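> With these hints in hand, go ahead and build the complete structure from the sequences.
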Amino acid sequence: MQIILNGENSEQLDGLSIAGLLAKLGIGLERVAVEVNLDIVPKSNYGTHMLSDGDRIEIVHFVGGG
Amino acid sequence: MTDNTDKLVIGGRVFSSRLMVGTGKYASFEQTARALEVSGAEIITVAVRRVNLDRSKESLLDYIDPQKYTLLPNTAGCYTADDAIRTCRLAREAGMSDFVKLEVLGDEKTLFPDNEELLKAAKVLVGEGFTVLPYCSDDVILCKKLEDLGCAAVMPLGAPIGSGLGIRNPYNIKIILENVKIPVIVDAGVGCASDAAIAMELGCDGVLMNTAIAGASDPIAMAEAMKLAVIAGRLSYKAGRIPRKLYANASSPLDGMFL
Chain D
1 MQIILNGENS EQLDGLSIAG LLAKLGIGLE RVAVEVNLDI VPKSNYGTHM LSDGDRIEIV
61 HFVGGG
Chain E
1 MTDNTDKLVI GGRVFSSRLM VGTGKYASFE QTARALEVSG AEIITVAVRR VNLDRSKESL
61 LDYIDPQKYT LLPNTAGCYT ADDAIRTCRL AREAGMSDFV KLEVLGDEKT LFPDNEELLK
121 AAKVLVGEGF TVLPYCSDDV ILCKKLEDLG CAAVMPLGAP IGSGLGIRNP YNIKIILENV
181 KIPVIVDAGV GCASDAAIAM ELGCDGVLMN TAIAGASDPI AMAEAMKLAV IAGRLSYKAG
241 RIPRKLYANA SSPLDGMFL
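Respectively, the protein sequence lines represent chains D and E. So that you can map any letter, position 31 of the first sequence is 31 in our numbering, and since no number is skipped, the others follow by simple counting. So that you can map any letter, position 225 of the second sequence is 225 in our numbering, and since no number is skipped, the others follow by simple counting.
Just so you know, not all the hints are guaranteed correct.
What the hints assert, rightly or not - In the DSS-like style, the derived pairs of lysine-lysine whose C-alpha atoms are separated by at most 25 Å in a straight line are:
| id | chain 1 | residue 1 | chain 2 | residue 2 |
| --- | --- | --- | --- | --- |
| 1 | D | 43 | E | 245 |
| 2 | E | 57 | D | 43 |
| 3 | D | 24 | D | 43 |
Since the hints were made in silico from the structure, they are not lab data. Small disclaimer: the values here were computed from a predicted structure and weren't measured.
In structure tokens:
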């Protein structure tokens, strides 16, 4: 399936959860937030929320800022 | 002599330091961490951005202990209420805290706030339980509206963000101080330590800055200067300054003159 991950096209296997995606990317669950099609997914749902073809995923965290 | 009972309370949390510091524009994460430590700040601002999918790059929180500071995520770069609200919701999910520095910008050249959008966003966010600290114009009517909406503080600008022009309208800040009950924190415009002291001498509850420290030739030394300026300004305000007079008033007695 094709998803849009942080603004870029990304090919992923079907049946991938958010937890699976983060693990694949090497991103810890702490201190990130994940949005799927503009809806925030609570951390408790990362394991059960399956990604679908065409999903727009944003994974954000804190960076330096004023 | 520092008054240990003189605390800043925002959104139910108690802080000893009245200096808040941003984490952007430093030469390195090591420098960021050192400047924050030297500044004595307890509240530090951060921005919300996409994670770098190339995990070889380090991130800010590898250097800064989030247990040691109250992270104040900002909505920098947002030009609409909707974008700012979306950013705050993401920040809460990422940081597990309700504190947000709400800024909704009007244009790229001035980075002045779009106060209409700001009010819209503040209303929604307060309703969702956020502790909202809005960056706003130095306008008392606006600040009163933000207070009425339930914001935890108001953060009027001293001058444009990153300009270093200082407190351009101290009388507006004074009027805000006399008319709102929530903490007033000057956010933006400070260029040097005396600017921070002026804000505190006006009676402000705190000062928030980033560029003045990060952009200084020696950010670590400037962080210390700002720490001391905020403490000195606060003490000076509490001590009560003398009235301004046009003519001299001798400090030495006239009695006992022998000439």
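> Decide, hint by hint, whether the structure agrees.
Results for each hint:
no., hint, in the structure
1, D:43 <-> E:245, "violated, 62 Å"
2, E:57 <-> D:43, "holds, 24 Å"
3, D:24 <-> D:43, "holds, 16 Å"
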